[in-house]
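Colleague: Spelled out from the first residue to the last, the chains are:
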Amino acid sequence: NAGVMQNPRHLVRRRGQEARLRCSPMKGHSHVYWYRQLPEEGLKFMVYLQKENIIDESGMPKERFSAEFPKEGPSILRIQQVVRGDSAAYFCASSPNEGNSPLHFGNGTRLTVT
Amino acid sequence: EDKVVQSPLSLVVHEGDTVTLNCSYEVTNFRSLLWYKQEKKAPTFLFMLTSSGIEKKSGRLSSILDKKELFSILNITATQTGDSAIYLCAVVPRTSGNTGKLIFGQGTTLQVKP
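Each protein sequence line maps, in turn, to chains D and P. Position 86 of the first sequence, counting from 1, maps to 86 under this note's numbering, and the rest follow consecutively. Position 94 of the second sequence, counting from 1, maps to 94 under this note's numbering, and the rest follow consecutively.
One should not assume that every hint holds.
Restricting the straight-line Cα-Cα distance to at most 27 Å, the calculated cross-link-like pairs of lysine-lysine (BS3-like) are [what the hints assert, rightly or not]:
{"hint": "1", "chain 1": "D", "residue 1": "LYS51", "chain 2": "P", "residue 2": "LYS68"}
{"hint": "2", "chain 1": "P", "residue 1": "LYS113", "chain 2": "D", "residue 2": "LYS44"}
{"hint": "3", "chain 1": "P", "residue 1": "LYS37", "chain 2": "D", "residue 2": "LYS44"}
{"hint": "4", "chain 1": "P", "residue 1": "LYS67", "chain 2": "P", "residue 2": "LYS56"}
{"hint": "5", "chain 1": "D", "residue 1": "LYS27", "chain 2": "D", "residue 2": "LYS62"}
{"hint": "6", "chain 1": "P", "residue 1": "LYS40", "chain 2": "D", "residue 2": "LYS44"}
{"hint": "7", "chain 1": "D", "residue 1": "LYS27", "chain 2": "P", "residue 2": "LYS3"}
{"hint": "8", "chain 1": "P", "residue 1": "LYS40", "chain 2": "P", "residue 2": "LYS68"}
{"hint": "9", "chain 1": "P", "residue 1": "LYS67", "chain 2": "P", "residue 2": "LYS113"}
{"hint": "10", "chain 1": "P", "residue 1": "LYS67", "chain 2": "D", "residue 2": "LYS27"}
{"hint": "11", "chain 1": "D", "residue 1": "LYS27", "chain 2": "P", "residue 2": "LYS37"}
{"hint": "12", "chain 1": "P", "residue 1": "LYS113", "chain 2": "P", "residue 2": "LYS3"}
{"hint": "13", "chain 1": "P", "residue 1": "LYS113", "chain 2": "D", "residue 2": "LYS27"}
{"hint": "14", "chain 1": "D", "residue 1": "LYS71", "chain 2": "P", "residue 2": "LYS40"}
{"hint": "15", "chain 1": "D", "residue 1": "LYS44", "chain 2": "P", "residue 2": "LYS56"}
{"hint": "16", "chain 1": "P", "residue 1": "LYS41", "chain 2": "P", "residue 2": "LYS68"}
{"hint": "17", "chain 1": "P", "residue 1": "LYS3", "chain 2": "D", "residue 2": "LYS62"}
{"hint": "18", "chain 1": "D", "residue 1": "LYS51", "chain 2": "P", "residue 2": "LYS41"}
Think of the hints as simulated: they come from the structure by calculation, not from any bench.
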């Protein structure tokens with residue numbers, strides 16, 4: 001029973017390029033959450049999605065960032081025109097429902113912008 | 001603004017020592033508090049606490065919540081080098097049943113020396 005799968009593990013992009021981060025939730029989980037961990041900081045909520053719907057994107061920067069969770073396939077976090085300040089570890093988590101279940105996190109994607 | 005504060009930020013002990021990690025919080029509407037252990041990759045779930053005064057225990061780890069004083073502690077007895085990690089505390093606000101929008105503290109980095 002595979003856990004939350006994220007890829008790539010490491011991603012290097014030059015300033016101005018696009019970054020695409022993928023997340024496949026645990027089997028049977030239909031709720032996906034993206035978090036960002038900046039150096040020396042805790043995890044910060046970015047966005048919460050269910051299949052084909054963005055439920056809460058209050059933690060996501062208004063520009064250059066977008067997320068989707070299509071009917072088929074993984075959830076994608078997309079960062080356009082990356083800047084150095086986007087360098088961070090991006091974690092995806094999933095849960096089976098809105099009940100009182102703890103989140104299960106993936107291993108994260110470490111994005112480095114040069 | 002909702003916030004979670006952990007202390008100490010870092011801690012170095014020797015194998016066999018007992019450690020207590022602290023987590024205090026300010027949340028408008030509290031639902032639950034979670035502890036995670038983060039080694040080099042995914043945060044892994046340790047405990048979820050919803051009620052005051054009830055100790056949760058797993059092996060050498062235990063945790064308790066005080067909803068009146070708004071804090072939780074995580075105890076690790078007879079520490080081992082494998083306990084070296086970042087310990088994250090997170091609070092779930094009671095907002096529209098969304099239990100995935102966690103508010104994390106900065107984490108406590110624990111190093112256990114042989």
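Colleague: Going through the numbered hints above, which ones does this structure break? Give me the numbers in ascending order.
Modeller: 1, 2, 5, 7, 8, 9, 10, 12, 13, 14, 16
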